[in-house]
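Novice: Each chain is listed here by its residues.
There are 2 protein chains.
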Amino acid sequence: MRFQTFVLASVFTIITSAACADPQTAAALRDKALTDPTAWNILESLTTEIGPRPAGSPAAMRARDWGLALLKKLGFKNVHAEEFPKPSWERGEEEASIVSPYPQKLAIIGLGDSVPTPAEGIDADVIVFKSYADMLAQPPGAFTGKIVLVDQPMVRTQNGAGYGAAVPARISGASEAARRGAIAYLVRSISTGTDRAPHTGDMTYKEGVPKIPAGALSVPDADLVMHMAERGPVRVHIKLLSTFHLDTKAWNVSGEIPGSSAPDEVIVIGGHLDSWDPGTGAIDDGAGVSITTAAAHLIGEGKHPRRTIRVVMWGSEETEGASAAYIAAHLAEVPHIVLAAESDFGCDNAYAIQLPAGVMDHDAIKPLAGVLAPLKVLISRDPALHGGTDTDGLRSQGVPQFSINQDGSRYFDIHHSADDTLAVVDPVQMNQVVATWAATLEILADSDVDFRPAKQ
Amino acid sequence: MRFQTFVLASVFTIITSAACADPQTAAALRDKALTDPTAWNILESLTTEIGPRPAGSPAAMRARDWGLALLKKLGFKNVHAEEFPKPSWERGEEEASIVSPYPQKLAIIGLGDSVPTPAEGIDADVIVFKSYADMLAQPPGAFTGKIVLVDQPMVRTQNGAGYGAAVPARISGASEAARRGAIAYLVRSISTGTDRAPHTGDMTYKEGVPKIPAGALSVPDADLVMHMAERGPVRVHIKLLSTFHLDTKAWNVSGEIPGSSAPDEVIVIGGHLDSWDPGTGAIDDGAGVSITTAAAHLIGEGKHPRRTIRVVMWGSEETEGASAAYIAAHLAEVPHIVLAAESDFGCDNAYAIQLPAGVMDHDAIKPLAGVLAPLKVLISRDPALHGGTDTDGLRSQGVPQFSINQDGSRYFDIHHSADDTLAVVDPVQMNQVVATWAATLEILADSDVDFRPAKQ
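Residue numbers (our numbering), protein chains in the order written: chain A, 1 to 456; chain B, 1 to 456.
Warning: the hint list may mix true and false statements.
Copies of the same chain are indistinguishable here, so a pair counts whether it falls within one copy or spans any two.
Only pairs whose alpha carbons sit at most 30 Å apart, straight line, appear in this in silico DSS-like list of lysine-lysine [unchecked claim]:
1) Lys130 with Lys376
2) Lys206 with Lys366
3) Lys376 with Lys249
4) Lys105 with Lys73
5) Lys130 with Lys249
6) Lys206 with Lys249
7) Lys249 with Lys32
Since the hints were derived computationally from the structure, they do not count as laboratory data.
When you get a sec, could you build the whole thing from the sequences and use the hints?
Specialist: Right, dumping it as structure tokens:
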């Protein structure tokens with residue numbers, strides 16, 4: 001999951017349809033999903049056989065072939081990959097240390113799209129701020145010749161709101177520091193954890209400001225520098241090397257469970273196949289790929305619902321690109337895409353789903369609440385505004401969104417770090433999420449509800 | 001904390017004394033400790049200004065000077081360092097990867113006292129066992145030319161019993177693998193966590209068996225190799241370089257709160273000042289140093305109890321040596337040491353204390369239960385058999401032991417890894433432990449109870 005600006009969309013839907021999905025079928029899918037090994041097996045395969053797979057890397061091409069083979073093996077139809085250009089950033093040698101007053105090694109990782117340091121690195125005094133706001137309050141020239149560190153903790157929340165509050169320091173901090181004279185920028189990992197593993201993620205440079213190297217220290221290392229800075233001047237050494245490739249490509253991998261009576265009405269689901277490089281991309285986002293593929297596969301094994309379910313394994317989420325490429329390729333199809341959502345929040349239990357405004361009160365959808373209740377999943381009264389980073393292009397074109405909300409309490413302990421591996425995945429919780437997706441999809445896809453808001 | 005063989009000691013104590021400690025004083029110390037910043041400040045200072053400090057390293061010498069300065073500043077008496085020879089092992093360059101079938105990097109760390117690999121490393125097929133017992137069941141020659149990996153999970157327990165069950169695979173696995181022909185040995189980190197950080201620790205070679213290099217993979221990396229091995233042959237590359245130094249030294253740093261009326265009766269407490277190298281040695285064992293120093297300091301600020309409280313910052317626990325050196329230097333003093341215990345189990349809440357057999361029922365000690373009750377600490381009916389690795393030499397000479405048992409549920413997520421930093425420490429829980437030590441010490445040190453079992 002990367003940073004996402006939420007935009008309030010039109011949220012009123014007029015109920016106009018009558019076909020009723022069968023709650024028994026959805027309940028049976030739910031129960032089957034709870035013990036089905038498909039999702040775990042997919043995730044085990046992806047993390048074991050491919051591992052880390054940033055967009056533009058050779059591993060991402062292997063992941064594309066892995067995805068195509070998987071969807072075919074599971075009986076999906078219309079399986080294919082859609083290529084798009086994707087310039088990419090490749091991590092090089094990285095190291096950091098405190099030079100004085102008390103030499104210690106620092107755990108660092110470069111931020112995606114950062115310019116590199118010189119090959120020998122940078123040695124400079126560091127100025128530490130305990131919040132991003134404190135840094136932004138400084139005047140031009142305040143950091144001339146210095147490295148800036150923002151050591152702001154992230155708040156742990158169930159729904160991930162802590163991320164939105166913390167991540168501007170990662171995305172925009174380098175340019176804001178450079179604007180005030182800094183020669184490099186460090187951010188405390190955007191994480192709720194306390195591990196020594198630093199957390200990467202993308203960043204952007206602002207126009208008209210010098211581009212300075214940007215990296216994340218692990219949570220304890222950022223704190224260590226802060227503790228030292230409370231005693232007096234601290235000098236650090238950082239080396240963050242990287243290469244930018246202009247000519248690389250990425251792929252959205254797609255497969256379908258064709259609808260039985262309205263196959264040209266499509267619900268787009270999926271997860272993103274690309275990952276950051278330090279871990280094996282288990283929770284971000286092998287999880288989403290595995291959960292949605294397994295849920296669609298389970299539905300496909302029985303009588304197909306009215307509408308088509310399309311699984312898209314998005315090929316460039318972490319550094320953008322997949323969503324825009326999809327819209328460019330599928331603009332003419334947009335009126336036939338009735339609904340879209342992405343699974344991109346790990347493997348822990350679902351606790352709520354969000355639907356387009358008004359949909360939960362439709363007769364065809366009402367039984368879903370009872371089907372989800374045994375899973376301890378509620379239907380939120382807040383309508384879905386955002387289905388995922390990769391369905392954002394579809395959203396901008398008016399495609400209604402839904403979301404399945406999972407417990408993110410520990411997600412940001414792990415996300416974008418070396419700790420993102422299969423070892424953190426609880427298969428029981430993952431199957432509860434698959435069950436939530438399968439039951440919800442069955443009801444939505446077998447209905448003829450028009451999810452689009454009525455024209456004003 | 002390192003591995004410790006528990007030996008059943010004689011556990012009967014005859015109650016012969018009458019002086020009664022004052023529970024009000026102990027309760028006041030308890031309450032003061034709960035908000036006192038001393039322990040946190042000590043731990044912040046040690047992890048910030050010294051950081052990792054393996055016995056024999058230059059940092060260990062700086063830690064000695066830090067400890068001497070701290071004890072003097074806090075008003076301890078008879079502050080000094082006791083030097084002893086300590087041959088030491090120094091980590092060099094380390095790396096590991098899966099060569100085939102699916103290349104991925106592996107997070108590895110060498111085990112203390114391991115012989116190094118050749119400078120170019122070792123490439124070989126790996127044989128994976130899901131338990132140490134499975135490996136031990138193999139015949140001689142079974143592993144000829146192979147690397148062996150034992151991927152046995154560790155059980156999470158409150159009292160740390162999972163460590164004793166898991167750690168033989170780390171301590172003795174290399175020689176057992178070599179006995180069966182292996183050329184290198186890997187163990188899943190002895191950890192209850194799922195982080196990518198591998199956990200080190202000491203190991204020993206058996207006589208008459210070739211010495212082969214030994215390292216620990218992180219939990220997810222050991223699992224990754226296991227998952228790949230389920231598909232067919234797996235070839236790995238490992239490089240574990242290290243140097244052994246014969247002429248290095250270590251120090252036990254000592255200071256006292258002199259007793260008011262029986263100063264020649266000594267209670268020895270403390271933690272160990274040496275640490276493993278990947279983290280900053282916060283919970284292992286900056287915690288123990290900080291907790292016991294703070295507790296003794298709090299007592300020293302008031303009217304001193306009858307007996308002397310001696311804080312020893314042990315200089316070589318992780319790779320042994322401090323306990324034996326202490327006994328060699330203090331043998332004549334042993335009859336005056338009435339009790340000993342070490343704090344070496346992190347910073348999380350205490351939940352029980354253990355005393356020598358029969359002591360809890362003595363009139364002078366009985367009030368302690370009420371003083372500890374508000375802290376949610378009980379007095380165990382199981383007598384203390386073991387006060388800590390560094391008090392084991394004293395125990396072997398008949399010095400009674402006590403122990404303050406802390407919640408170890410998450411201790412082994414962190415222990416011996418890069419994750420062992422100040423960031424994992426909860427100052428509220430740490431002060432609860434300081435309060436437990438302070439109240440317990442006050443009652444024990446102000447009593448005239450003879451803790452030694454009566455002669456048969």
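Novice: All hints, please: hold or fail.
Specialist: Consistency of the hints with the structure:
In the homo-oligomer, the alpha carbons of Lys130 and Lys376 never lie at most 30 Å apart, since the shortest distance is 39 Å inside one protomer and 35 Å across protomers. Taking the shortest alpha-carbon separations for Lys206 and Lys366, neither the intra-copy value of 47 Å nor the inter-copy value of 69 Å comes in at or below 30 Å. Neither within a single protomer nor between protomers do Lys376 and Lys249 lie at most 30 Å apart by alpha-carbon distance, with minima of 41 Å and 60 Å respectively. Proximity of Lys105 and Lys73 under a CA criterion of 30 Å is satisfied inter-copy only: 29 Å between copies versus 47 Å inside one chain copy.
In this homomeric assembly, Lys130 and Lys249 never come within 30 Å of each other (Cα to Cα): the closest approach is 39 Å inside a single copy and 40 Å across copies. Taking the closest pair of Cα atoms, Lys206 and Lys249 come within 30 Å of each other only inside a single copy of the chain (25 Å); across copies the shortest separation is 55 Å, beyond that limit. For the identical chains of this complex, Lys249 and Lys32 are neighbours neither inside a copy (38 Å) nor across copies (64 Å), given an alpha-carbon limit of 30 Å.
Hint compliance for this structure: hints 1, 2, 3, 5 and 7 are not met, and every other hint is.
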